[in-house]
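There are 2 protein chains.
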Amino acid sequence: MATDAAAAEEADAYAELTERLERITAVQGASGVLGWDQQVMMPSGGTPARSKQLSVLSSMSHEMLTDERTGELLDACEELDLDGPESAVLRETRREYERAAAVPGELVEEMSSTASEALAAWEEAKAEDDFEAFAPYLERHVELKREYAEHVDPDRDPYEVLFEDYEPCLPLERAEDILAELKGTLVPMIDEIRASDVDVTTDAFEGTFDADAQEALSRDVLSTLGYDWEHGRLDVSSHPFTSGNQFDCRVTTRFDESDPLGALMSTIHEFGHAFYNLGLPREHYGTPLGESRDLSVHESQSRLWENQVGRSRAFWDLVLPEVRERFPDVDASVDEAYESANQVYEDNPIRVEADELTYHLHIVVRFEIERALVSGDLDVEDVPEAWNDKYEEYLGIRPGTDAEGCLQDIHWAHGNFGYFPTYSLGSVMATQLYDAASGEIDDLDGKVREGEFADLQDWLRENVHRHGARYETDELVEHATGEEFTASHFLEYVTEKYGELYDLEESV
Amino acid sequence: MATDAAAAEEADAYAELTERLERITAVQGASGVLGWDQQVMMPSGGTPARSKQLSVLSSMSHEMLTDERTGELLDACEELDLDGPESAVLRETRREYERAAAVPGELVEEMSSTASEALAAWEEAKAEDDFEAFAPYLERHVELKREYAEHVDPDRDPYEVLFEDYEPCLPLERAEDILAELKGTLVPMIDEIRASDVDVTTDAFEGTFDADAQEALSRDVLSTLGYDWEHGRLDVSSHPFTSGNQFDCRVTTRFDESDPLGALMSTIHEFGHAFYNLGLPREHYGTPLGESRDLSVHESQSRLWENQVGRSRAFWDLVLPEVRERFPDVDASVDEAYESANQVYEDNPIRVEADELTYHLHIVVRFEIERALVSGDLDVEDVPEAWNDKYEEYLGIRPGTDAEGCLQDIHWAHGNFGYFPTYSLGSVMATQLYDAASGEIDDLDGKVREGEFADLQDWLRENVHRHGARYETDELVEHATGEEFTASHFLEYVTEKYGELYDLEESV
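As they're listed, the protein sequences go chains U and A. Okay, so the first sequence: first residue is 3 according to this note's numbering, each after it adds one. Okay, so the second sequence: first residue is 3 according to this note's numbering, each after it adds one.
In case anyone wonders, no lab produced these hints; they're calculated from the structure. Since the model is a prediction, treat every value here as computed from it, not as a measurement. Honestly, I wouldn't trust all of these hints.
It does not matter which identical chain is meant; a pair holds if it fits inside one copy or across any two.
[Unchecked claim] Cut-off 25 Å, straight-line C-alpha distance, at most; resulting in silico cross-link-like pairs (SDA-like, lysine to any residue):
1. Lys-54 with Trp-231
2. Lys-54 with Tyr-16
3. Lys-499 with Ala-182
4. Lys-54 with Gly-73
5. Lys-185 with Glu-502
6. Lys-185 with Thr-210
7. Lys-54 with Glu-232
8. Lys-54 with Gln-40
9. Lys-449 with Glu-327
10. Lys-449 with Glu-494
Generate the whole structure from the sequences, applying the supplied hints.
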């Protein structure tokens with residue numbers, strides 16, 4: 003009897019734990035809706051109440067997670083020797099709990115209030131091209147982040163600890179190796195492209211493109227790709243983003259009347275994020291089994307649709323007629339459109355406007371600088387020069403201003419250090435996943451050309467989405483592709499694609 | 003020293019209590035945003051996650067309110083003999099706390115889940131004109147509400163207890179007296195109007211009115227009245243409503259292309275609600291001093307703008323040119339427009355489409371029926387007949403279907419019994435407040451005609467909005483108008499207005 007009672011108690015512990023997780027998810031989901039609303043719908047005067055609502059919800063979910071009872075339940079559940087999906091729930095919850103519990107609430111609040119102030123200062127500093135005005139906030143963030151890492155684990159490289167906030171289940175060393183491979187291949191490849199005589203079309207989309215027609219095109223393309231409007235929306239915000247869960251996942255974009263490709267590609271990118279969230283198992287909403295894997299996997303989903311699909315020739319075969327329907331003045335051929343969408347920019351200093359190749363060098367610059375900042379090898383005051391030197395060295399361009407240089411991104415103002423590498427990891431992973439899908443789907447390229455995305459969707463749902471956070475990143479990639487996570491697919495892909503575009507010598 | 007320490011502890015108790023109230027308000031505010039989003043923006047598939055988010059937030063705010071600590075803090079603060087605004091905070095919090103703490107959590111949850119099921123059943127029953135399909139849910143609601151009232155106070159009339167959920171600081175007896183006065187005057191007045199030979203214009207707005215142009219007109223009129231777009235929005239929803247706080251208060255409306263007056267009047271009505279919320283003191287956001295008084299006062303604000311302003315001849319002088327700008331085909335004179343906006347309908351069975359007179363008899367019917375249901379004097383199965391008989395008796399019309407009869411309103415499906423009377427109380431209060439404002443503002447009628455609303459806005463802010471929930475309803479009305487809350491202003495107003503319109507004998 004005593005044993006039965008103990009067993010029942012243990013089973014209850016798992017039920018109580020998942021109920022607690024569902025409540026935490028609900029509160030975080032509510033914050034997500036409030037955040038979406040703030041960026042998309044809220045009148046500007048609403049800020050004071052909204053800030054209060056968001057900070058209360060965030061402290062409540064933090065309290066629920068770090069509550070003693072969470073620890074007790076985790077201990078009790080770990081006694082049960084659960085395996086399969088349940089053990090993944092415990093693994094993920096244990097990791098989050100330990101990290102959250104290790105950091106004092108006051109530090110969390112200080113980081114959050116520093117972020118609010120730093121964001122305001124960054125916006126102004128960027129507008130005024132005044133790095134010095136932002137420097138003290140960056141300094142403070144770096145100090146707080148070191149302190150944070152110290153709480154989590156005083157014995158490890160603090161940057162490694164920070165990186166794990168965005169990619170907890172891939173060793174930093176692996177990220178480093180991949181970034182080093184990218185840098186090693188891409189720097190000379192870009193040099194060669196710059197020296198190439200080939201005349202790649204760059205102006206297939208010149209002129210003025212009405213924002214409403216662009217929006218209609220974005221909606222057409224979302225429908226073509228398979229966005230489920232019963233579970234989503236498209237809106238406009240100053241920075242495109244995706245927000246939501248498996249029942250309601252919304253995308254935003256922005257329209258520049260001189261650059262229709264920008265909005266189109268960003269819409270497809272956000273579609274990839276949303277399509278991932280919408281593919282998470284509905285029956286597991288509220289536990290890690292119903293949540294997405296971390297940022298590199300998430301980025302692999304957005305990049306796969308943006309790059310592997312959206313920048314393919316097959317896709318331009320499909321989409322150019324849709325573009326022409328909205329913009330009858332466009333008279334580019336499919337090849338010209340494809341070339342324009344894949345041109346390697348000569349002198350673009352801005353990450354979010356970069357092509358598939360230069361993009362990773364933008365990331366490498368940031369990675370090297372933020373690592374050196376956190377380790378103390380670089381002082382905040384020396385960031386602008388380090389930034390510009392690295393741009394010159396890797397990309398052959400020197401930003402004219404800090405606004406177009408080290409002030410361009412919001413991440414450091416937010417206090418996000420260790421986030422950038424996941425962008426490159428995601429792109430690399432996207433290629434590996436797409437190659438695996440191509441191997442299993444008969445004539446995937448032809449299907450893209452015909453707008454038949456069902457097989458690709460099914461493959462992604464089956465191999466990535468339905469697992470939620472059941473597998474760690476490595477394991478997930480290996481399950482899906484049959485091999486370890488590797489940069490080789492990406493390097494082959496770009497060598498072949500850009501070799502053909504720019505008539506390069508085979509070099510990988 | 004001991005006394006100093008005790009004093010400090012007591013002061014801390016008040017600070018801790020208000021901080022707790024601010025957190026509760028923040029969570030309720032978050033629910034408000036989620037509710038607005040659900041009705042205005044959310045894709046239909048989002049329901050499962052949204053329901054979970056809303057129920058978690060509502061149980062969290064209930065837990066925070068009924069937490070033992072809230073009771074301890076209230077006890078400690080009441081020892082302090084605070085007066086002025088602080089005593090109002092304690093009075094309001096004590097009332098809410100006692101009521102919430104008296105009701106078991108399971109009953110709250112059961113009422114809430116019954117409401118979800120009943121709402122779905124009601125929608126279908128209304129669509130199918132099938133009262134019997136809805137009857138079991140109504141039955142269940144009535145039982146649960148009796149149980150609820152029993153928990154709150156077993157010694158009082160349960161309907162009285164329910165009424166206090168919507169109007170906690172006005173005795174039900176007063177509401178009854180006022181409704182009886184309205185019924186006594188309006189039934190014969192409407193009879194007389196029906197018998198009148200006067201030819202009041204009813205068709206100033208016939209034809210088809212494009213929804214986009216109606217929306218533009220609604221925006222024009224909101225701007226004319228003084229809606230602050232930095233703190234608000236206008237959107238479309240299937241039922242018009244207002245949602246928000248003093249920083250961000252949004253209105254919705256709906257457009258019927260054959261009835262432009264409906265949307266216009268409903269927009270003005272919601273403006274009144276929003277203008278009240280936006281006038282609440284910002285520095286008190288989160289405590290009762292920054293919250294609106296209850297439903298009858300809230301309705302007084304919406305009705306004042308809708309009826310006293312929006313259905314006045316002066317307003318039609320002002321607004322008809324705006325209407326014509328959007329709808330050049332409208333060729334009615336100001337008098338004709340005024341008459342159309344004030345016609346007393348011959349055979350309208352629908353409350354939300356009623357005029358200023360018949361409206362209150364729609365309310366009286368509901369009030370009498372819900373009282374009899376709760377007391378047990380009327381069985382659920384007999385509701386349709388009782389409804390139709392009362393409509394025949396008071397309004398001289400017999401609804402052709404239950405869909406147009408006792409199934410028309412959402413309130414009972416929601417489980418709201420005791421809500422309806424606040425609509426009439428609000429209209430009555432609106433007249434009294436407007437008369438007081440007219441007495442203090444030089445030529446208010448002329449100012450309305452010129453679109454100069456600043457004095458009226460200031461008067462409402464000064465006499466109503468800025469007080470939040472500091473005063474109870476009675477006290478607030480007396481402060482603002484110099485006399486007790488009374489129906490006499492309303493009765494004089496309608497006697498004069500409709501006497502002139504329909505050439506009636508003076509009868510009040």
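Each hint tested on the structure:
1. Lys-54 with Trp-231: between (32 Å within a copy, 21 Å between copies)
2. Lys-54 with Tyr-16: Answer is between; shortest inter-copy Cα gap is 20 Å, intra-copy 33 Å.
3. Lys-499 with Ala-182: within (21 Å within a copy, 83 Å between copies)
4. Lys-54 with Gly-73: Intra 28 Å, inter 24 Å, cutoff 25 Å: inter-copy only.
5. Lys-185 with Glu-502: within (21 Å within a copy, 86 Å between copies)
6. Lys-185 with Thr-210: neither (36 Å within a copy, 65 Å between copies)
7. Lys-54 with Glu-232: The answer is between: 18 Å across copies meets 25 Å, while 31 Å in one copy does not.
8. Lys-54 with Gln-40: both (13 Å within a copy, 21 Å between copies)
9. Lys-449 with Glu-327: within (22 Å within a copy, 53 Å between copies)
10. Lys-449 with Glu-494: Answer is within; shortest intra-copy Cα gap is 22 Å, inter-copy 76 Å.
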